[in-house]
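Q: These protein sequence lines map, in sequence, to chains P, U and F.
Here the working numbering is used: the first residue of the first sequence is 1, the next is one more, and so on.
Here the working numbering is used: the first residue of the second sequence is 1001, the next is one more, and so on.
Here the working numbering is used: the first residue of the third sequence is 2001, the next is one more, and so on.
In case anyone wonders, no lab produced these hints; they're calculated from the structure.
Just so it is clear, CB atoms sit at the ideal spot from N, CA and C, and this is done for glycine as well.
Among the clues, some could well be false.
Using C-beta positions, here's what the derived DEER-type ranges look like [to be verified]: (1) D2126/F - E425/P: 54 to 62 angstroms; (2) K510/P - Q1225/U: 54 to 62 angstroms; (3) E500/P - A1109/U: 40 to 48 angstroms; (4) P1065/U - E500/P: 26 to 34 angstroms; (5) D2126/F - G1056/U: 26 to 34 angstroms; (6) Y2192/F - S1149/U: 14 to 22 angstroms; (7) D2045/F - S1149/U: 29 to 37 angstroms; (8) D2126/F - A1109/U: 53 to 61 angstroms; (9) A2177/F - Q1225/U: 35 to 43 angstroms; (10) E661/P - K2031/F: 57 to 65 angstroms.
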Amino acid sequence: MTMFEPASVPIAGIPAPVLSFIILVTAVCFFAYVMYRRIDLLRKALPDPRFYELGKRALLAVKYGFGQWRQPRYLGAGILHILLFAGFMILSLRSLTLIGRGFSPEFHLPLLTGAVGFGYDVLKDYVVLMVLIVCVVCIVRRAVFKPARYDHPGGGGHGSEAYIILGLVSALMVTDMIFDGSALKLNGAEGHAGLLPAATLASAFMPESGSPSLPYLHVGGYWVHILVFFGLLNYLPVSKHFHVITAIPNVFFANLDKGTIKPVRHGVKDWMELEECGIGRFEQFTWKHVLDFYSCADCGRCSDNCPAATVGRALSPRMISIKARDYAYTHHPVLWSPPNNGDVQFTGDVITEDEIWACTTCGACEEECPILIQYIDKIVDMRRYLVDQGAVPQSLQKPLQQIKKKGNAYGGNKAKRAAWTKDLEGIEVRQLAEGDAADYLFFVDSCGSFDPRIQEITKALARILHRGSVDFGILGNDETDSGNEIRRLGEEGLFEQVAEKNIEAFRARKFREIVAFDPHAFNAIRNDYPEKFPIVHASQLIAKLLRSGKLHLSGEHVKNRLVTYHDPCYLGRHNGIYEDPRFVLNQIPGIQMREMSRSYSRSFCCSGGGLLLWYENEQEKERMGEVRVRMAAEIGAQVIVTACPFCLINLEDAVKTTGNEGKMEVIDLVELIDRSLT
Amino acid sequence: MDIIVCMKWVPDTSEADLVIDKEGKDIKKDDLDHDMNDWDRFAIEEAVQLKEKLGGKVTVVGVAPEDAEEMLRECLARGADEAFLLWDDAFEGSDGFAVARILVSFIKARPWDLVLTGTLADDDCGGQMGGMLGAMLGVPSATLVSAISVEDGKITFNRELEGGLYEHMEMDLPAVLSVATGLNEPRFVSIRAVRKVASVEIPTLGLGELGLDESLVGVQGSRVQIEQLTMPPEGEGAEMIGGKPEEAAAKLAEILKEKGGIG
Amino acid sequence: MKNVFVLAEHRKQHLRDSTWEAVTAGRTLAKDLGAELTCILLAADTASMAEQLAKECHRVLAVEDPLFETVSSEAFTKALVPLLADKEPYMMVMGNSNAIMDLAPGLSVALDAALATDCFAFEVRDGKPLATRQVYSYKVNALVSFKDAQRIVVTLRGGAFPFVPSGSAAGTVEKVASPISGEKLRKRFLSYREAEKGDVDISTADIIVSLGRGIGDEPDMEMFESLAKAMGGVLACSRPIVDKNLLPKYHQVGTSGVEVKPKVYLALGISGAFQHVGGIKGSPLIMAVNKDARAPIFRVAQYGIVADLNEIVPALEAKIRELKK
């Protein structure tokens, strides 16, 4: 080591260790204060108990945090991010070391000495070069290739922050290279050149050994590096790059209960007694909601996959995070006092009603978010507020009122819930009275009971069960709407009522399992109801019957036609059932199957089920079902099989409006199996 | 501004299969759900919106038996301040005229600036309440009203005529307005909103409280009486009109003319 | 002597069709009751309208006052009470137009009369009239009596009493001075307002011509507009038509659109999906034209034609214009 080490060169007469101390203390204090303000807002937010199942959470942190599990869903950007992330992990040790070098030229982190230390230096040097290259690629990608998902069509984006951070990181790498490159020359250690590519590359641009400018480069490079480092550190919590700090905690505290909706308020006995319910003001978010806002990196993957955004509805999920974070930073600022809020209403003005009602709760955004940010809970909470205020779109009011009065959105007479059973020739469907028992309780739900088109599926399933010698029965007039969409539209009180009625009906009867063909009903009973009952989806039961040889199929109906399967959101994403329907389809002799560009967890919502069938959106330019039908047309599919009655209705409609009538058939899995029975 | 809204509790007949009862003077109502008359939903919403703008009090009132409390409670949840049920066994069988009398006896006993109601009710399809109330109260009235605004003791509004034509009008208060559907967007009433007003008392006022004589209400006090209900003839599905296009069109035109389809 | 009075309805100095229908119904009623028929015209300028009425009615009472410029319920009521006081009015007959809806109920109270609105048939038993009207979402016919009423006001369903010219009467016009001349009204007409195109409220329209997907990909919208105009109705549609931007959203009928209760609903190219049918359940008369004989709309319609719209619609319009003479 030479006398030119930064720790030994005073700057403007100040001894380097003193300067290091001042910079360190100032930067850390400022950082600590910013973090205090950020954490303070978390502390002021509403409670959400997430300190359970810590082992499971640690695994989440490993898989989605350190393991970057979801990054490769976008392959190019994902690889770049994984490289950057790895670089950060490795270079963090280097940064600590360099801070120490401001105090002592001999500073080393424990363990990073001797051969290990040299090994690390070599690794670090490769990584520096890699990170620099990645940064350049990222900048070029953004500036030249402009991926569409980085756009903010409605404004309000923070695109420039990406350049700032990439610039700062690049500067870190370059100053590190200058520091080490000049050291190579100063110390005449060029023998290691082959092992230190970054330093060697930098040194190639430097004057020969012995040049008087080398010490300046070395020491200057060091201090610039230190300043950039602390600048970067302090930039994180005031920008969209806070995720560098919060992403792993965010993943650790992620939601563990898939398919359901959070309670109206945690830690409250009777939410009905609350002054306000849902989220109308920012203060009504939970701390985890706020942590989500902090953590959003504005990568745009949620919105890129959002069907509502795709068809031109007002919703873009990430903008909820971004607008809420902007609101949080403005109204809970680090310095000075918050601005006067005036009449700005968070729910309604910051996040508009159009955005809030546009969501189909399909879950594509949550499936995509690399750091497991949740959107549905927040949207439902804001809907709860709007419902409480009476601000429900007119198109949804009628069906909701009908459910309140008649237990179904169709306005059908309660007493006619089981009327469909009369259309079944030669099959007696048992209506289970209280105390009756059957192996399977067939939960038909309102759509299956009252919608003439969906009744066809109901009857088909009854025939299949009959053929498979399954002992089953229905609740008949004791059945009430499952309530899946009621809950997701924010009318929690009504949801509780219908759930309670169904639970009472379940309790009064004996059965092994419930079977439902509507994934929404399946989801509500499986995930939402406060009391758990064993339930299977029709596709699972049919798979079981096929496996045990109780059903036999012919390939006549789909003969010579290309078949594709559309994953319903509430079967696939929300409940992870992807394989059973495909297994069932593959049992049809000679069936030709092809997957659409979007399938499995990337399936594209048809525009929503249950009450959403009634919802009218004024902004959309085309219907989601039409987008989906075009995807099927792209692969030349002639039959779209789905496993959800609402997908069926929406897609059948879309086949007509896209001019594919006669060319393409939409059929429910249950109907197809019914028609293929031999 | 103090507003009284007259609400009607009607059987939900629009989507039900109706059956005429044995006496042939009414339909069987046991299996029918009852609900707030749809037109009145807009009246209560308009009242609450006017109150939110101008202050004052909204009182809702319905001439109906106890079951209708549900409707009045929903009105409270929508923002009404107080609700009254007007019922007495003697009210049974009242026609529109007798109902108007009952309502007037209630309205006259309290301060008010404006009475609102729906233009039409789904049960008797009479469309007479607003006009009768106005005449009995001695104040001006208007039906099929939208675009209401109030200024300096005067109220302006549009009155709907046929074919997209409106009369823009001005009226002195106090007054009675029968609103058209669609003049506002009625708010949603959640289960919780109703729960919040669950403990508000809804008094029932009968003959005595209203100072009415038995002869003025019910069948006795009515001027019109239903003699016989019949179901209009209804075939299975449509009667298909055949023939060449011109012939079919001519036949269709004749039917249209006959049924009032040419206005 | 019993007297039947027909109240003439006018707008912008023209008698409306409802007047002629009321004259026709009033004539039959007067005959069956053995009563005298008189037509009352309250208008700002009665000359030409009174002359027209006199061709159909033996006696015409014409009252002129600027206050009768429009059918003002307040002015009409205030005038009719003294005008009829010494004329022993037994029945007042008038159309059930939107203007009369404003007038008849209050008038019945002022005249101390029994009232039946929207009647579509009458009969006379024991010298007393009975009316048939519809109740319970217009789904049930109700025969109503007026007990021992000394005075009766009835309003008539549009189209229920097609005009029949008398062929004889050259009536007399009696001009009477306005009893309310110079009075200040508490309810004042300010102006007519045409609904802007975006303000058409199909929910209250009596006659609706509704278009569905079956009108094709490149429909001749003018043809349909012209038909609706000839019928005096408004255009409505099902969702696909809105999707194609052929009509704005507020024209959409259905559970997710606007629920309508017209007297007549003419469904052109509408298949009859439940979402749509749910919005027209309040309509007592549904007529459907569709290419597809199996379209579910025929299950809810009373009359149906299986045909190509491009052939039917112009023929229908021509026929309608002919019937309107």
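Q: Do E500/P and A1109/U keep their Cβ atoms within the hinted range of 40 to 48 angstroms?
A: Holds - the Cβ-Cβ distance for E500/P and A1109/U, about 43 angstroms, lies within 40 to 48 angstroms.
Q: Given a hinted range of 29 to 37 angstroms, is it respected by the beta-carbon distance of D2045/F and S1149/U?
A: 32 angstroms, holds
Q: Holds or violated: the 26 to 34 angstroms window for the beta-carbon distance between D2126/F and G1056/U?
A: 52 angstroms, violated
Q: How does the Cβ-Cβ distance of Y2192/F and S1149/U compare with 14 to 22 angstroms: does it lie in that range?
A: 18 angstroms Cβ-Cβ, so the 14 to 22 angstroms window holds.
Q: So the hint says 57 to 65 angstroms: do the beta-carbon atoms of E661/P and K2031/F match that?
A: Because 58 angstroms falls inside the window, the suggested range holds.
Q: May I ask you to test the hint 53 to 61 angstroms on the CB atoms belonging to D2126/F and A1109/U?
A: 41 angstroms, violated
Q: Using the beta carbons of P1065/U and E500/P, state whether their distance is inside 26 to 34 angstroms or not.
A: 28 angstroms, holds
Q: Between D2126/F and E425/P, is the Cβ distance one that fits in 54 to 62 angstroms?
A: 56 angstroms, holds
Q: Quick check on a hinted range of 54 to 62 angstroms for K510/P and Q1225/U, using CB atoms only.
A: 56 angstroms, holds
Q: Tell me if the beta carbons of A2177/F and Q1225/U are separated by a distance inside 35 to 43 angstroms.
A: 39 angstroms, holds
The earlier numbered hints that this structure contradicts are 5, 8.
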